[in-house]
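Participant: Could you put together the complete structure from these sequences and hints?
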Amino acid sequence: MNFEIIRSYLPLYIEAFMLTIKIGWIGITLSLAIGVVSAFILHFRIPFLSAIVKIYVELFRNTPLLVQLFFVYFGLPKIGISISAEACGALGLGLLGGSYMAESIRSGLGAVKVSQTEGALALGMKKGQLFTSVILPQAFTLSVPAIIANVIFLLKETSIFSAISLMDLMFTAKDLIGLYYNTTECLFMLVVFYVIMLLPVSILGSVIEKKTRYKMFGDK
Amino acid sequence: MLRLLGGLGVALRISLISVVISIFLGIILGSIMTLKNPFINAISRVYLEIVRIMPQMVLLFIVFFGATKVLGLNFSAELSSIIVFSFWGTAEMSDLVRGALSGIDTIQYESSYALGMNTTQTYIHVIIPQILRRLIPLSINLITRMIKTTSLVMMIGIVEVLKVGQQIIEANRKSSPNAAFGVFATIFLLYFLACYPISCLSKYLEKKWEN
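Taken in order, these protein sequences are the chains called G and A.
Start counting the first sequence at 124; every next residue gets the next number (the numbering used here).
Start counting the second sequence at 11; every next residue gets the next number (the numbering used here).
The set of hints was computed from the structure by calculation and includes no laboratory data.
Since we're looking at a predicted model, the values are computed, not measured.
Hints should not be assumed to be uniformly reliable.
[Unchecked claim] Not everything, but these chain G residues come out facing chain A in the computed CB check (under 8 Å):
no.: 1; residue: R184
no.: 2; residue: T264
no.: 3; residue: I275
[To be verified] Lysine-lysine pairs mimicking DSS-like chemistry, simulated, CA-CA at most 25 Å apart:
no.: 4; chain 1: G; residue 1: K279; chain 2: A; residue 2: K173
no.: 5; chain 1: G; residue 1: K297; chain 2: G; residue 2: K279
no.: 6; chain 1: G; residue 1: K333; chain 2: A; residue 2: K46
[Unchecked claim] Away from chain A, derived, C-beta distances all over 12 Å, residues of chain G:
no.: 7; residue: Y132
no.: 8; residue: L135
no.: 9; residue: I137
no.: 10; residue: L153
no.: 11; residue: F163
no.: 12; residue: H166
no.: 13; residue: I169
no.: 14; residue: S207
no.: 15; residue: E241
no.: 16; residue: G247
no.: 17; residue: F254
no.: 18; residue: T255
no.: 19; residue: P260
no.: 20; residue: A272
no.: 21; residue: I331
By construction, the Cβ of each residue, glycine as well, lies at the ideal position given by its N, Cα and C atoms.
Facilitator: Below you can see the structure in the form of structure tokens.
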């Protein structure tokens, strides 16, 4: 291990780290938005739309991100839709994540007990009130652990972007290995940067999971 | 098309070998983890955390390039991908096994002892059937995730379905320059066809055994 090399590579890695984080968070925000909308559509069984959402969710949950990215990045330009690599990465991540988020949020919505709805209705709440002040908070609490697991999963998946030549951490490491053959140092830094990025999220996840478990309403 | 199927075969073979290894090791590790030995707990926590936060791609690179450089071990691409996927799958599987085992109430053990069963009988007739019901849908889910993740092995030079697709596109660049759309759409569908029945099965079993 040569620390001189590590120091000289550091700026490159930090740049890549920033790019990874940027695309990661754009993708995650996008996936949350898609997920929430799809989950509502599925939960309320809106006709026609819910069939589309179902197909979308199944299609994206059952194919690898790499294949999706290749399709969007190399396949779509052939029929006239051309997207930059960055947008493509964010879009791919958003679509993949959206399908996972939709499932988690939907199961959160479905897990709120019927007695809660009945209780709220018995108290004379309107449909809107019932939804915003009884069901949503509980559904959100129920789906937080799953959402955080998805966030970690999505941040990990960003490593695949190197395949469509985005300068992310993985690409930088591969590039430097190819140029200078300092495999040990490059891989070491790669691991360190992924730990910096994901360990806090992972720890935060366990903390929140414990907190929300105590905050559950009723039994359990 | 036939070549694409052959490529998918390579991907499926790698994932199936890794699935078998990781289910086997995962069950052992998961059962050890329920013993509540603080030393084992600490080690397995670190192991799980590593697997949880390291992208599989990074692990692949470490085993394929790093191990050669540092330890002088030269794994073939296929062997290193099997090692990585088993390493990852074992962690996931052991966590599932641990969850299933610790989810069983002590009352189940107590009442079967009260009925005069000995430990072996308790496990065979009471505990294991319950664990299997919880475990099988989840592990089937894990299998689909494995199949999906094997698309990464192309990055360390294994010729699987995506690589074959690229080769086909390159070979026919002149005759049909727009092949990329069709080929990647086909691969997209192939993966879907491989994974969708499995995930349906897992959902079905989960519903069937819910209680």
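Participant: With reference to the structure, classify each hint as holding or not holding.
Facilitator: Here is how each hint holds up against the structure:
1. R184: holds (7 Å)
2. T264: Not OK, violated: T264 (chain G) not within 8 Å of chain A, min 20 Å.
3. I275: At about 7 Å, which falls below the 8 Å cut-off, the nearest Cβ of chain A leaves the hint on I275 (chain G) intact, so it holds.
4. G:K279 to A:K173: Since the Cα atoms of K279 (chain G) and K173 (chain A) sit roughly 22 Å apart, the hinted pair holds (cutoff 25 Å).
5. G:K297 to G:K279: Holds: K297 (chain G) and K279 (chain G) sit about 16 Å apart, inside 25 Å.
6. G:K333 to A:K46: holds (20 Å)
7. Y132: Non-interface label on Y132 (chain G) holds, nearest chain A Cβ at 16 Å vs cutoff 12 Å.
8. L135: holds (17 Å)
9. I137: Given a closest Cβ separation of 17 Å, the condition holds.
10. L153: holds (20 Å)
11. F163: holds (21 Å)
12. H166: Since the minimum Cβ distance to chain A is about 17 Å, H166 (chain G) lies beyond 12 Å and the statement holds.
13. I169: The claim stands: I169 (chain G) keeps its Cβ more than 12 Å from every Cβ of chain A (closest is about 22 Å).
14. S207: holds (17 Å)
15. E241: holds (22 Å)
16. G247: holds (34 Å)
17. F254: holds (26 Å)
18. T255: holds (30 Å)
19. P260: holds (26 Å)
20. A272: Not fine: 9 Å to the nearest Cβ puts A272 (chain G) too close to chain A.
21. I331: Its Cβ never comes within 12 Å of chain A, the nearest being 15 Å, so this holds.
Of the hints listed earlier, those the structure fails to meet are numbers 2, 20, in rising order.
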